[in-house]
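Number of protein chains: 4
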Amino acid sequence: MANYTPKPSDKFTFGLWTVGNIGRDPFGSPTRKPLDPEYIVRKLGELGVYGVSLHDNDLVPIEATPAERNRMVKRFKKALEDSGVRVTMATTNLFADPVFKDGAFTNANAKIRAYALQKTLYSMDLGAELGAPTYVFWGGREGAEVDAGMNTLDAIAHYREAMNFVAEYSQDQGYGYRFAIEPKPNEPRGDIYLPVVGAALGFIATLDKPELFGLNPEFAHETMAGLNFVHAVAQAIDAGKLFHIDLNDQKMGRFDQDLRFGAENIKEAFLLVKLLEDSNYPGVRHFDAHALRTEDEAGVWEFAKGCMRTYLILKEKATRFDKDKEIQAILKAYKVQDSGLGKLSKKYTRKNAETLKAHTFDRVGLGEQGAGLERLDQLTMELLLGVR
Amino acid sequence: MANYTPKPSDKFTFGLWTVGNIGRDPFGSPTRKPLDPEYIVRKLGELGVYGVSLHDNDLVPIEATPAERNRMVKRFKKALEDSGVRVTMATTNLFADPVFKDGAFTNANAKIRAYALQKTLYSMDLGAELGAPTYVFWGGREGAEVDAGMNTLDAIAHYREAMNFVAEYSQDQGYGYRFAIEPKPNEPRGDIYLPVVGAALGFIATLDKPELFGLNPEFAHETMAGLNFVHAVAQAIDAGKLFHIDLNDQKMGRFDQDLRFGAENIKEAFLLVKLLEDSNYPGVRHFDAHALRTEDEAGVWEFAKGCMRTYLILKEKATRFDKDKEIQAILKAYKVQDSGLGKLSKKYTRKNAETLKAHTFDRVGLGEQGAGLERLDQLTMELLLGVR
Amino acid sequence: MANYTPKPSDKFTFGLWTVGNIGRDPFGSPTRKPLDPEYIVRKLGELGVYGVSLHDNDLVPIEATPAERNRMVKRFKKALEDSGVRVTMATTNLFADPVFKDGAFTNANAKIRAYALQKTLYSMDLGAELGAPTYVFWGGREGAEVDAGMNTLDAIAHYREAMNFVAEYSQDQGYGYRFAIEPKPNEPRGDIYLPVVGAALGFIATLDKPELFGLNPEFAHETMAGLNFVHAVAQAIDAGKLFHIDLNDQKMGRFDQDLRFGAENIKEAFLLVKLLEDSNYPGVRHFDAHALRTEDEAGVWEFAKGCMRTYLILKEKATRFDKDKEIQAILKAYKVQDSGLGKLSKKYTRKNAETLKAHTFDRVGLGEQGAGLERLDQLTMELLLGVR
Amino acid sequence: MANYTPKPSDKFTFGLWTVGNIGRDPFGSPTRKPLDPEYIVRKLGELGVYGVSLHDNDLVPIEATPAERNRMVKRFKKALEDSGVRVTMATTNLFADPVFKDGAFTNANAKIRAYALQKTLYSMDLGAELGAPTYVFWGGREGAEVDAGMNTLDAIAHYREAMNFVAEYSQDQGYGYRFAIEPKPNEPRGDIYLPVVGAALGFIATLDKPELFGLNPEFAHETMAGLNFVHAVAQAIDAGKLFHIDLNDQKMGRFDQDLRFGAENIKEAFLLVKLLEDSNYPGVRHFDAHALRTEDEAGVWEFAKGCMRTYLILKEKATRFDKDKEIQAILKAYKVQDSGLGKLSKKYTRKNAETLKAHTFDRVGLGEQGAGLERLDQLTMELLLGVR
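Chains as they are written, first to last, in my numbering: chain A, 1 to 388; chain B, 389 to 776; chain C, 777 to 1164; chain D, 1165 to 1552.
Incorrect hints may appear among the rest.
Computed list of lysine-lysine pairs in BS3-like fashion (alpha-carbon distance at most 30 Å, straight line) [unchecked claim]:
(1) B:720 / C:1111
(2) A:332 / D:1469
(3) C:1111 / D:1373
Everything labelled a hint here was simulated from the structure, so no lab data went into it.
Kindly produce the complete structure, drawing on both the sequences and the hints.
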């Protein structure tokens, strides 16, 4: 058996709020005590974690004075230094406070939109001070239950203004952030704007500086909408927009579960790991999940270790998949090449079109060939189950 | 009571396959006889319909010889002329024949990809001959059940090649098509590529000539994934990409139902009609739905009339909404303006950022104000129910 | 226009926790202040509400001493008396405290199961003291995320033991409760036992005194699973098991929204009201919903009024439906009678079976008849929209 | 590595329609040729299959004359005898013919209800002649899209009449059938009556001879509604009602996929196999699935072998789970016993209630204990992945 113990070079990261989750939910009070940010960072360091991410208010409460803020940041930096853990991503909490109950950047109230932007600028300052290279926007409150408010088109326009503003601010301040938008279909809002990976890709194309913006896709969020997360990440990679990634798990069609990576959809988790590794994704592997509310602190660290072990197990399976001769033979037969036709359809020229139109295809014959996918899928499952 | 009888100026259109649907489903054989394209066109004309759309094989069977094809086209043109109905959209059937069982433009087999392109070119010729200004791509078979086939990234790349090819062909032939991509999350494939409106918007941004491509969003398709269709259409409008629209209805989280427009989600249908009318959407209102399998031909025409009547009823409700003083007062209070702060956050300048950061906000006070949305939503429902 | 102002004889009831909801969710802190139970009751009385329901801890905090408890109960009874509002249902909070994080009656820990039962007995005492005729069980924590805990069969058995115990206790104490089980598919647990109406009906059949147990179906809960709530309530009525009902609304396939009654699925809400009225459902119309988190207290009372107004509007529509001649003619044609065949198939006798087997049916002819449902559904929608 | 080759003693069975599926779907024509029933039976025999199931019309077309029917049955019996495969379940096709488009037993037309019953009696004769011990009812057309048809309560009543009728017929004819109801939430109908396992359990409790009726739960059907199939099967086992089972797989919240067993939800498939084996389920393991439409006949047999291999692999994992010392230690700690309290809460006596009410619980302490489920679930996943 291989060794599945994580090392910093594996580039695993956790949010402060993930292992720090206190187990509150809409129907129940907390089951765990809050953990100090410094304690979390030290613990993560011991587990071989590479980095940590945070919202402004994970470290500095919204009511803190500047002096308190500076003291907290100082202590936190010390803990980072001691543990060798770095801050790999920062973001703004634009969802917890009642002021954001009907949106932040997209709020129908101009004052609240301005306040959301102000809070973000300060949070970007904090992230920059901590050395975060990536800045995430998860617009959890940017949405609606009552579309009779007639705010949808305005909301998109205001969202864009905010993104254009922060991009300029980052450049002007020399922060060098790469911005990653994190979509989610619903919860806490009935419907959230930019609900899925594609929507964020489409939105980025309308920004002033699209090159500064990419995606932070989350496994659970696409899965809530019943979409295929591997397809979504592939589209982001294809567009050069995979800037960050949130790994966790979830059953489809229900509330946001934020389960341990690999806890539910193990085949999709495997295909995701393979996609990330095959495409040499250079970013961190960020776990945005939390231990079940049934667990005490010991369970929290089991949860964290489990996320990383499962990734490493699946990474090894991906290597095996590439070395499996029968699997590779099926794949080769599946991807039928035809250099002549391939050239014709690759790029339009009048000549290519004419030649293509004149070509005679054996439609019926092509339709009779089996794709061999049942066998391929079964072999993949058996490889995953460790019986080949 | 107003008159809800459709006129051509309402720009309602139907696909040949919609009223022509024969009532077959995965568990049952057809319950209705096929209708001749010419008969359909004449019937639609009588109902006040503006235009008709078609797949190549709705008019010309896949096995037809060129001579047969020409005869059919001639007869069809005659029917169009007689009825005053025009062809407003054309598209390719790349899903019914067994050859496309594992994809058309994205098939792992280069020969099939080439055949799909060839078939599309001929179908574009047909559409142009019939005067269709818009050409739709619904990639119903572009997807997968077995991602172990390791085709996802290739599939996206091949999809792009095909789109780039047809765009050039259209220009080179002088067809002047506007292309509209129609997303769908799943069915018939386990997962379809470009599953929702956003994904198509993101994909278009990677094409050679994005200006030629837009969206054909479908009510039922976004709804299958539990997404908010009004939000999706608003994003398409915001991006200048609403080229066509498919109106129908659907319950969330289940198979593709293609119900009569307004049959299920009447509030969302109302908000959609209002959005289209308010933004002066210039395109056709295309119904891509079919009568229930329980119906005979009489039921088919009831279905068609119902789609149009409901649109007209909702359009009138939209006018009422704008004239309702109490509703408008709530909306006005809801959209709090602040010209000072609004200016600061609208566009980045170093000065704006500094002024904004120095501003003192009454966070707690802003958080205590109610949005008034329960009352607004209730009034909207009562307006819809005809009791105000 | 009719008068849609509620009166006690309409039998509308609200839970203390519904209008008392403080607007906390998994991502945000409260947006509203807690309201005193006495204040709520007086307010409800002013609105024409018939009754109120409560969890033990809505009135008496879990840490209260017996003396505190008695003081609170006394004050509450005074408020009930003053307002003319009665307690129509009581239930136990077996979900908020950390002790119940992995279940109450079904917990894998025998001590916690016993504690849950103890808490329930005291809560039943409280409900009886307040005169509640119905006692509800919503097993919000009775479920699992980790079925590897191998608790499923045990959990069902323990659930049954608890139900059998409380039934005997109620009888022995002379409380005369009717027990109503409230199913929910998920949230807060990944999967909840007895997830839908049918599951509870099936479970009741295994109890010692099934006659004491019925259902408290909730609109939002069945809808979360994409099931048809009208069908579920009809099955409960058919089985003589509709003991209570929770009215609210919800979009399918997402977190528990508890929206204002009629806010989303207006056609289904109409069909539900019609079913309740047509079957002379004698119980209360209980709203288990809450104002959106965006609202202040004024919005809460708008929400409450909206729930009741919508019910009354739909009740009037139901009367209109029965008087609509065209609709009734379609219904009559739809329900084809055949007294001869009807008698044969109604009840088995050897003779009936033989005669039936010998009968010649015009299968093809029967299959060609249209059901007329598109027209019926369209007329129903137009009636709902107030244009007929 | 163990040997995962199926043997008849494993009791695997397939429907004629499963391996015989021709790959038609709502958007595409067949991709495979029909296979003769005799050929299927012989092939299944070679693969080590125990039995076969069938609808009347899988063997005998609906238009066949009695003479044709007898010839077909004779040939089929010969194939059964030759192959050693037996008929383990029979059922009626009450969904494919247009006559059933709006329901069979629940149709609003009395003539069609009678015809459905007649067809069922003949089909029961056929099943009995072939020696089938179990008779399944899947009411695929028993449902509605238009509840304004006001048929719901009648439908349930008519369904019950039909079930009562066939039960008597079976007894009177000495057929000795056990009847198994197979629920499904939707598709082909918008909503199907008796949508999930629980609904069928509740319905059975209202029948004249409930002891003759049980369940045929299907993995994909509960999963379509996002419900936990293991929980559903456990409830059926608890009620003594697991008469048959349909094994396959499915993604949640979409059309009926009927995927190869274990293709998607491998953890749930494992837990199901463990439940069946632990509770000594004596019935057959019936695969109601089909090869992907992308496959040719070779793919069909790979699909069939894959279903059985995966079951056997998971069965071996279940044994390993029971022998895994660390897993068993966690389970033991998880299921906290307390003989004193356990006795008190097990059964009501006045004394037990009094003692229980007087007991002092350490609520806070009990709430602080972690359940250890993250570790247990991770170990289970690692066992499944073959790395422990």
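Proposed proximity, residue 1111 of chain C with residue 720 of chain B (alpha carbon, max 30 Å): Violated, because 50 Å separates the two Cα atoms, which is more than 30 Å.
message: Hinted pair, alpha-carbon criterion (30 Å max): residue 1111 of chain C, residue 1373 of chain D. Please report holds or violated.
response: With Cα atoms ~28 Å apart, residue 1111 of chain C and residue 1373 of chain D stay inside 30 Å; holds.
- prompt: Can the restraint linking residue 332 of chain A and residue 1469 of chain D be considered satisfied, given a maximum Cα separation of 30 Å?
  reply: Judged against 30 Å, a Cα distance of about 23 Å means the pair holds.
Hint violations for this structure: number 1 only, all remaining hints satisfied.
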